[in-house]
Amino acid sequence: MLRLLLVIPTTTYRTEDFVAAAAKLDVEMVVASERAHVLQAERPDRLLALDFADPGAAARAAAEFARRHPVDAVVAVDDRSAVIGAAVAGALGLRTSPVVAVAATRNKHRMREAFARAGVRSPAFTLLTRADDPDAWAERVPYPCVLKPTVLSGSRGVIRADDRAGFVEAFRRIAGILRAPDVAELGEGTEQILVEEFVPGPEVALEGLLVAGELHVLALFDKPDPLDGPFFEETIYVTPSRLAGAVQADIAAEARWAARALGLTEGPVHAELRINERGPWVVELAARTIGGLCSRTLRFGTGITLEELVLRHALGIELASLEREPRPAGVMMLPIPRRGVLRAVRGRAEALAVPGIEEITITAHLGQELVPLPEGGRYLGFAFARGDTPAAVEAALREAHRRLAFDVAPVEGAGRPGGVPAAQACG
Amino acid sequence: MTDEAELKLKVQDLLDNAINPAVAGHGGYIELIDVKDTTVYIRMSGGCQGCGAADVTLKAGIERMIFEEVPEVTEVLDTTDHAAGSNPYYAPSKG
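Protein chains in written order, with the numbering used here: chain A, 1 to 427; chain B, 428 to 522.
Please keep in mind that the hints were generated in silico from the structure rather than gathered at the bench.
Worth double-checking, as some hints may not be accurate.
Which stretches of chain B does chain A cover? Using the computed rule of at least three CB atoms under 8 Å from a CB of chain A, they are [what the hints assert, rightly or not]:
1) 451-461
2) 489-496
3) 508-516
Beta carbons are placed, not taken as given, at the ideal position from N, Cα and C, and that holds for glycine.
Please model the complete structure; the sequences and the hints are all you need to start from.
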């Protein structure tokens, strides 16, 4: 039986879907996390802890583990584990992109530099650090611009500034986020703030799989809600895209070029691009699958999941089909209405009754403190829909959201958020 | 004693002496709900209920330990309402 090493952070949303895919493939699953599992002593052949802050040490530890318990493939499930997964797979001589390429996807500044060198259409940028004087830089940057940490994900800490006062406020707010203990522990890059030109236009997300250096586009999602700031909370994703075929081809071409510019060769790719009269702009490209639970919108061939596709590729099992099921599908990342403690969720049955709605999953637990962007690092939940047209899917998601109500109580003693109380949130 | 009753005793013994003492370290508890034929039904509570690592605990830990110690068992099913967990040890966050 094939043995698969999944690199899974303890706090990722991706665990359930990857574990389910491994179970479906009937492979022996080994799990590596950044902390020792409570059953590790009982199952030392199945569970191990790796130092996620030190890819070299993690690779050596995994190689020592693999001498006793060989594995046939290594798959990282998200951003936080991507570099460790590549380092481990590389050390074991297994299928992976080069670790240096994956590492570049984890730092937005290094990614921008790689894109600029290769001529990938992406925003102009300037790298600052927390130690820089925001008042001085506010005089020098073009407006509108976008400020963002280089090492966080999920729009966390991403703020648009339209003028000097807005720039200084955004800079200080991001500096506060970077000082939060859960961010500081990420290490390298947590002192950096990237300033980019704001690129107008609608945004799309491309899901792809790299096989021997060739990017196969698995799905293209429209994001029908405008992402113009000041914060960039993502809500609805719908596939297939309603953009013209020629535009979609341009998007795929730019994403291919971006993946090549980074040196990625194998495994999943999640890219975000903006479209305007000058063409597609690559905002980001990550060496992972789509985040949260959003992959549940996707089925391929005879119903296999995105995670199963990724595992099959890593294990060298035949990829029967990379064709997405043709029925339009979509997901809504339910917006956090305001900061506070989640006390109740109402209207779930009414939301599920909306034609086309397949699932409503609330991932925040009752009693959890909800923190909106730009500080927040957690989802409230997800709604999933399928329909005859992308427009019908979008309408169903909006109606389901309209029927949901969230009772959010004020946080006792809370002032303006300057950090992130959600201690495990990270990019 | 029926086969199911015997399996229950073996699984309960494993839970009591190996699994629960370990998951207690994270405030968790694994309850044996039932054994039907060769399928074991469990429920996770405390820190395990809604935990971001619950699937790892089940598939790479509990299930493997049961299969190894009680080889007559062919399936372990988790009946937990993880969405109702109010104090998960690891709460998922964006990655």
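Closer than 8 Å Cβ to Cβ for three or more residues is the test here. Does the segment 489-496 of chain B pass it with chain A? holds (count 3)
At least three residues with a C-beta closer than 8 Å to a C-beta of chain A: is that true for the segment 451-461 of chain B? holds (count 3)
According to a criterion of three or more residues whose C-beta lies within less than 8 Å of a C-beta of chain A, is the segment 508-516 of chain B covered? holds (count 6)
Violated hints are absent here; each numbered hint is respected by the structure.
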